[in-house]
Amino acid sequence: MSIDLSQFIPTFLEESFEGLEVMESGLLNLDANDSEQINAIFRAAHSIKGGAGTFGFGHITEFTHVVETLLDEVRGGDRAFTPSLQSLLLQSVDCIRMLLEAARDGVECESDQIGTVHQELVAELEGGAPAPATDTPQAHPADTGAQQQKGWLIHFVPEPHLLMTGNEPILMMSALAELGDTELSVLEDKLPEFSELNPEELHLAWQVQLFSDCSEADVREVFEWVEDDCELTITPLMDTAVESAPAEEPAPQVDTPVEQPTAAETPAPTTQETPKTAAKPAARKASQEAGSIRVGIDKIDGLINRVGELVITQSMLSQAGSELAEQDLPAVERLHEGLVQLERNTRDLQEEVMRIRMLPISFVFNRFPRMVHDVSAKLNKQVELKLSGEQTELDKTVMEKIGDPLVHLVRNSLDHGLEPPEERLAAGKDETGIVHLNAYHQGGYIVIEIKDDGRGLNTERIREKALENGLISPDQPLAESEIHELIFRAGFSTAAEVSDLSGRGVGMDVVRKNIESLGGHVSVQSETGKGSTFTVSLPLTLAILDGQLVQINDEVYIVPLVSVVESIQVADSELQGIAGEGRLFRFRDEYIPIIHLRRVFDVASSAATASTSLMVVVEGGGMKVGLIVDDLQGQQQVVIKSLETNYKRVDGISGATILGDGDVALILDVAGLIKIGLEPTTKHELHRKNEQLQVEEEALA
Amino acid sequence: MTDVADMLVDSRQVLTFILAEEEYAVDILRVQEIRGWSAVTRIPNAPDYMKGVLNLRGAIIPVIDLRLRFGFGARAYDQTTVIVVVWVNSGDRQRSIGLVVDAVAETYAISNDEMSPAPLMGAGVEPDFIEGLATLDEKMIILLNLDYLLNSGDLALDESGSE
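Sequence lines, in order, name chains A and B. Using our numbering, read the first sequence as starting at 1 and increasing by one per residue. Using our numbering, read the second sequence as starting at 702 and increasing by one per residue.
Be aware that a few hints might be false.
[As the list claims (entries may be wrong)] Cβ pair distances, simulated, as ranges:
| # | chain 1 | residue 1 | chain 2 | residue 2 | range |
| --- | --- | --- | --- | --- | --- |
| 1 | B | 820 | A | 108 | 48 to 56 Å |
| 2 | A | 572 | B | 829 | 33 to 41 Å |
| 3 | B | 780 | A | 442 | 37 to 45 Å |
| 4 | B | 748 | A | 697 | 47 to 55 Å |
| 5 | B | 804 | A | 298 | 33 to 41 Å |
| 6 | B | 772 | A | 590 | 28 to 36 Å |
| 7 | A | 475 | B | 772 | 53 to 61 Å |
| 8 | B | 804 | A | 651 | 33 to 41 Å |
| 9 | B | 782 | A | 622 | 42 to 50 Å |
| 10 | B | 734 | A | 359 | 35 to 43 Å |
| 11 | A | 572 | B | 780 | 26 to 34 Å |
[As the list claims (entries may be wrong)] Which stretches of chain A does chain B cover? Using the computed rule of at least three CB atoms under 8 Å from a CB of chain B, they are:
| # | stretch |
| --- | --- |
| 12 | 302-314 |
| 13 | 644-652 |
Think of the hints as simulated: they come from the structure by calculation, not from any bench. Even for Gly, the Cβ is constructed at its ideal location relative to N, Cα and C.
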């Protein structure tokens, strides 16, 4: 077989990482009596070991083998599942992950941790007193020792399609031959007539007598990859009974645990693996495979791009069709009907395609049980993590980018939000603090809440900090919620209370920046003594957005609808009359700076000057501004295209899209626009004006 | 046979176009498409030669006016004005960029013997923009170095990479 195995390595790694997640979450929730769960963990470890062996990652095989052996003992009831074992196994999950990552990146894994954990595992395996087991492995030979076993009788009936799955019986047979002497007989009773023979199908079966002292697991391993595609019976070959085993060996007979004389030497007493447990995962595996397929993300992106084109073409056609509508021809009527249908189908298609990339948020949430487990142990806090809405779906690209901000928010809740047990008891609360992660859909957004029942934000402290860092002035009156918002401001650092957990140089301002760069929003509600809730809302996808089309002269730009607060008509006099040469505008109870898009984008001015202007009030980067435009056009869902693919990043522009007429329109980056559109003097004046306003209001009150 | 083989090795096919009465050439394998001039979407605060971006079957591509890029002075766009869309190697990826030229001219096979290195030029054309000169039928053709020309100025790659 000269198949280049390396092409399957990425798939192996991907599956192994998923397996590790299964192991991790299983280990965290393991109830010692739940054999189903132990089996799941064991299987995950087993597949990683098997795969690693196939692809030649010897050190992974070696490491995982010890883990697997330990797990197998737990599974067999030969070893108690103690908290220390749990912690050791969790550490080994980390080690395997490191090893896999090293394999993926093609580097040597140099962490000392692996060696240490490996030694601990071996020590545990050798020294760890097998605790509660009533039937220790040593007990078995007594039962079966009477008969002398000299090998295995293997009955192997592959499915006809075995060859098509890339498996080759001859290789299996030679692998068996490596285990010991074999006697082979071919069963050809199922062979069809020559005229009906499909040369790509396999109709042969084999019966093998293997004279070896190897374990049943060793034999099973040979057939590991074809387990689901064949009928496999392995029976012990006794001195007395040779060839007596009937071909259709009933399962129960194999079910009897058989221990070879060499059991003490074999590191893995996997003889407990009965067909019963082996058959179950196979069945489940098959049903899962029917439910999903693994597809490269680039293929899906390609599909999404094509559908994006289709949507644009469709709206071009619709536009052309509506121009024809005045003509009273029967053909036009039919054309119109067709176009309506096309529109509906295209929208449906687009939605369906977008859904391919949607994954449940549990992929992100899954990492939190482990994190909370570790962090709470480090902080000596008792924490219960509640998860809800894990099935809420969002785009994979959004998901990849939201992980880190969420981790930061959860760490923050654990570290700063929740009190130590004593303090909680003193406050009349339960010792165990609760962190609740919740996700749900709202409009075109996914909302993720991180809620704790801790002490809440310390309003006074935040105020002091903000004063120290010059974010606010001493006499600035602020509502409580406004003070809470200060923690998201750049330059607000609680450096005094940095711990090794939260104080990793990533502030809340970075969290907000990251979330806003995804077109999302983060806010906080907090009540002293009762806890705080961080609310993150994110668009479901990064591929499309709802936009407000605005016109400046004859140029069309798109303002993301999510950042639009309000659009209002203002008289030019209102823009001019205010101190600061029309740079500030009184919007409700605050002053907001004005950005003339015409000026920022250097658009040639049109001859006719209207006496009123349209202002789109937008919010971004934590501040509101008014954008002055010539005209408002409709609102529209647009497909986002990158300018960087063929050009480069442009200040104040986040991307481009193609409108119904095939023209390109640029999408505004509100936060970036505020950065380039506002001069520092305007900012200072805004600050002064708003303070003045507050003072006036207080005087009135 | 040898003649054909030699030709394959020693010569190359080029597309030529007219720019301010001069004939310029680009490697024909680099040409993706030739299309008539149509309005483009202006990019704010870009240099004058950066005309804007265009929808090329769903891809957003920048369009530059070669006359302005070389400092030859503007010429009103007319019937013969075309956009030549070319592939450019930029770092580890390929970009498509549109070039506005006065008109397309011919395709030629130029052998290496007919090529001579670029002399020093004045008037905005940096010598690095030119790969060489060729003389064909008493006519001089300037072969452009697209990878240099279209990764300079406003089209230079962001130092931060493309994110």
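Evaluated hints:
1. At roughly 54 Å, the beta carbons of residue 820(B) and residue 108(A) sit within the given window of 48 to 56 Å.
2. Checked against the given bound of 33 to 41 Å, the beta carbons of residue 572(A) and residue 829(B), roughly 51 Å apart, lie outside it.
3. For residue 780(B) paired with residue 442(A), a C-beta distance near 55 Å fails the hint of 37 to 45 Å.
4. Taking the beta carbon of each, residue 748(B) and residue 697(A) are about 48 Å apart, inside 47 to 55 Å as hinted.
5. At about 39 Å, the beta-carbon gap between residue 804(B) and residue 298(A) stays in the expected band of 33 to 41 Å.
6. In this structure the hint that residue 772(B) and residue 590(A) lie 28 to 36 Å apart at CB is violated, the actual value being about 49 Å.
7. About 58 Å separates the C-beta atoms of residue 475(A) and residue 772(B), a value consistent with the hinted range of 53 to 61 Å.
8. A hinted range of 33 to 41 Å for the beta carbons of residue 804(B) and residue 651(A) is consistent with their spacing of about 35 Å.
9. Distance hint check: the CB atoms of residue 782(B) and residue 622(A) are about 47 Å apart, consistent with the given range 42 to 50 Å.
10. The beta-carbon spacing between residue 734(B) and residue 359(A), approximately 38 Å, falls within the hinted interval of 35 to 43 Å.
11. For residue 572(A) and residue 780(B), the Cβ-Cβ distance of about 43 Å falls outside the hinted range of 26 to 34 Å, so the restraint is violated.
12. Only residues whose beta carbon comes within less than 8 Å of a beta carbon in chain B count, and the stretch 302-314 of chain A has 4; three or more means the coverage holds.
13. Coverage of a stretch by a chain is defined here by at least three residues with a beta carbon nearer than 8 Å to that chain's beta carbons; for the stretch 644-652 of chain A and chain B the count is 9, and the condition holds.
Taken one by one, the earlier hints fail for this structure at numbers 2, 3, 6, 11, listed in ascending order.
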